[in-house]
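Visitor: Chain by chain, the residues run as shown.
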Amino acid sequence: MTMKKVFSRPASLSKTPFHYCPGCDHGVIHRLVAEAIDELEVGDRTIGVAPVGCSVFAYDYFNFDFNQAAHGRAPAVATGIKRTRPDSIVFTYQGDGDLAAIGTAEIIHAANRGEKITVIFVNNAIYGMTGGQMAPTTLIGMKTQTSPYGRDASTAGNPIKMSEMIATLESPVYVTRVTINSVANLMKAKKAIYNAFKLQKEGKGFSFVEVVAICPTNWGKKPADSHKWLTENMLPVFPLGTFKDTLGVEKSA
Amino acid sequence: MAKVLMKGNEAIGEAAVLAGCRYYFGYPITPQSELPAYLAKRLPEVDGVFVQAESEVAAINMVYGSGSAGARVMTSSSSPGISLKQEGISYIAGAEVPCLIVNVMRGGPGLGNIAPAQSDYWQSTRGGGHGDYRTIVLAPNSVQEMADMTITGFDLSDRFRNPVLLLSDGVLGQMMEPVNLPEPHDYNINSKKWALGYRGSDKNERNLCSSIFLDNDELEEHNWHLYQKYQVITDLFSKGEYKDFAVEEHLCDDAEIILVGYGIISRILKTVVEKCRKRGIKAGLVRPKVLWPFPTAVFERLAKTASQFLVVEMSCGQMVEDVKLSVDGKKPVFFFGRTGGTVPSDFEILNEVDKLVRPD
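The listed protein sequences correspond, in order, to chains P and Y.
Be aware that the first sequence starts at 277, since it is given in my numbering, and climbs by one per residue.
Be aware that the second sequence starts at 16, since it is given in my numbering, and climbs by one per residue.
The following block holds chain P by itself, in its conformation from the complex:
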């Protein structure tokens, strides 16, 4: 009797074991990216751009070409790659420190030029790699290494909402915020990432997927508690939903 294989590692995902902390969402999000690329059959012409932060080694986990960019500059590097090889599928994978602090100019202007790239933005409200400092997306009152008394809006401002900001621009064709705190939301996240890459494959324009994620290590919480905390605290500030879908990719799918 032969066994039918019903589940396997996506071809675009390498066999390198993830270095991420136990319970971290990056591994799952990497997998969703790899699945979308496999399903769209573009693995042989995809080029990724890794950021600085926890996902600095993202290039180790995928089987396609990669550039490792300076902190925050991934959208500029991706612009150079996509303009040079327009038939490639180019994406950046960035965290909140990288995209929403040091790289704010690069992300806003890549979006505004309507670069035909895809951006996967992982927002877990904290700097992970450097040991848990306050990020632009850190919630008010949230304690971090550099906001030990809790983030104070009067001196440190308020959580920055990148999806909402980018959706105000004319050029992007798809801006959506998802999370992976439940199986139902995971399936929605998978669909959003697929849609973003599908739009790029069709040459449509700039697509942006924000994934609200957990950081158990730097939040000082167990993974299950982290997802609960995310649901109760992060989602009211960063509501899920699609902020821009110019071409109606969600309806057509």
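Don't read these hints as lab results, they were simulated from the structure.
Don't take each hint at face value.
[Stated by the list, open to error] Derived DSSO-like pairs (lysine-lysine); straight-line CA-CA distance at most 30 Å: (1) P:Lys-291 <-> Y:Lys-208; (2) Y:Lys-218 <-> P:Lys-291; (3) Y:Lys-339 <-> Y:Lys-319; (4) P:Lys-480 <-> Y:Lys-56; (5) P:Lys-477 <-> Y:Lys-218; (6) Y:Lys-208 <-> Y:Lys-244.
All values derive from a computational prediction rather than experimental measurement.
Since the structure of chain P is already known, use the hints to place chain Y on it.
Guide: Chain Y in isolation, oriented as in the chain P frame:
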């Protein structure tokens, strides 16, 4: 091709197109504006890409992306903008991605002014950004050389997978001279097997452009690999095929005083040498055309025959340190400089020579 009258900045632009460069990323700054203006018009005519970036930082990172995808690519700026690009240049050097960077120098530090200067010598020849790396630095002194060295710069950067800096100044960028443009060069974007997106049938593994080596031993190995590459480049300019390209000598054989200057200064120094000779002063000129690797050998040789050196720069004295290192204390090395955007006159320099050769 027939001779055409062009500004130095435009000559770089046209030469880049003729060298097969189809990608330019930059940000506006005086006094290099003619170059992006030229390419904004010219590149679309040859199916090329011109992007005005949101900043110098973004522009150099677009260059990093484009170069890593196999393109002949360039950016240009002037001093304060080149400072902003240093982060990207360090990454590009670390990841060994070829590109051409043009600096049309102006006065600093800080915002300084928009007048010509040569005060970015240290920044250019010592790396500029963080880490143990080198950029090849070419220093033209005419509109013709702006064009020729653009082509040479692309060839060198591809050959050594290293950024090349074309170090010019506000005078050279703005002045017009007749120029013989070279024949166009074919460039195939799929000629680099290491490039991202390379899809030749001989591609076995995925390609990666990166400057991160987290393991101590790996980074040390990488840094020594870069160092060895820089040694090969140094040999090429000191005794290999670029030996004659690296430096220009004028009336040095019997010279008692050697004047030293690069870029626009070298043209004034040539006039000073002629005037000295008419007055019976045995003066000669050494003009480094390549600033890194520095042409040390010529100074080692002339330190045996000449009695003194006078280095002239539009700075408070930067290249003079390399001349002193090369002369190695065997003969006195003097300095004369003007800064802040003033180009010294031949008369002023002649006065300095007089003081040195006729002390009473």
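Visitor: Each hint should be assessed against the structure and marked as holding or not.
Guide: Do the hints match the structure? See the list:
1. The suggested pairing of P:Lys-291 with Y:Lys-208 holds, with an alpha-carbon distance near 24 Å, which does not exceed 30 Å.
2. With a C-alpha separation of about 20 Å, the suggested pair Y:Lys-218 and P:Lys-291 falls inside the 30 Å cut-off, and the hint holds.
3. About 14 Å separates the Cα atoms of Y:Lys-339 and Y:Lys-319, which keeps this hinted pair within 30 Å; it holds.
4. Our distance criterion of 30 Å between C-alpha atoms is met by P:Lys-480 and Y:Lys-56, whose separation comes to about 26 Å.
5. For the hint pairing P:Lys-477 with Y:Lys-218, the CA-to-CA distance comes to about 23 Å; that is within 30 Å, so the pair holds.
6. At most 30 Å may separate the alpha-carbon atoms for a hinted pair to count; Y:Lys-208 and Y:Lys-244 meet this at roughly 19 Å.
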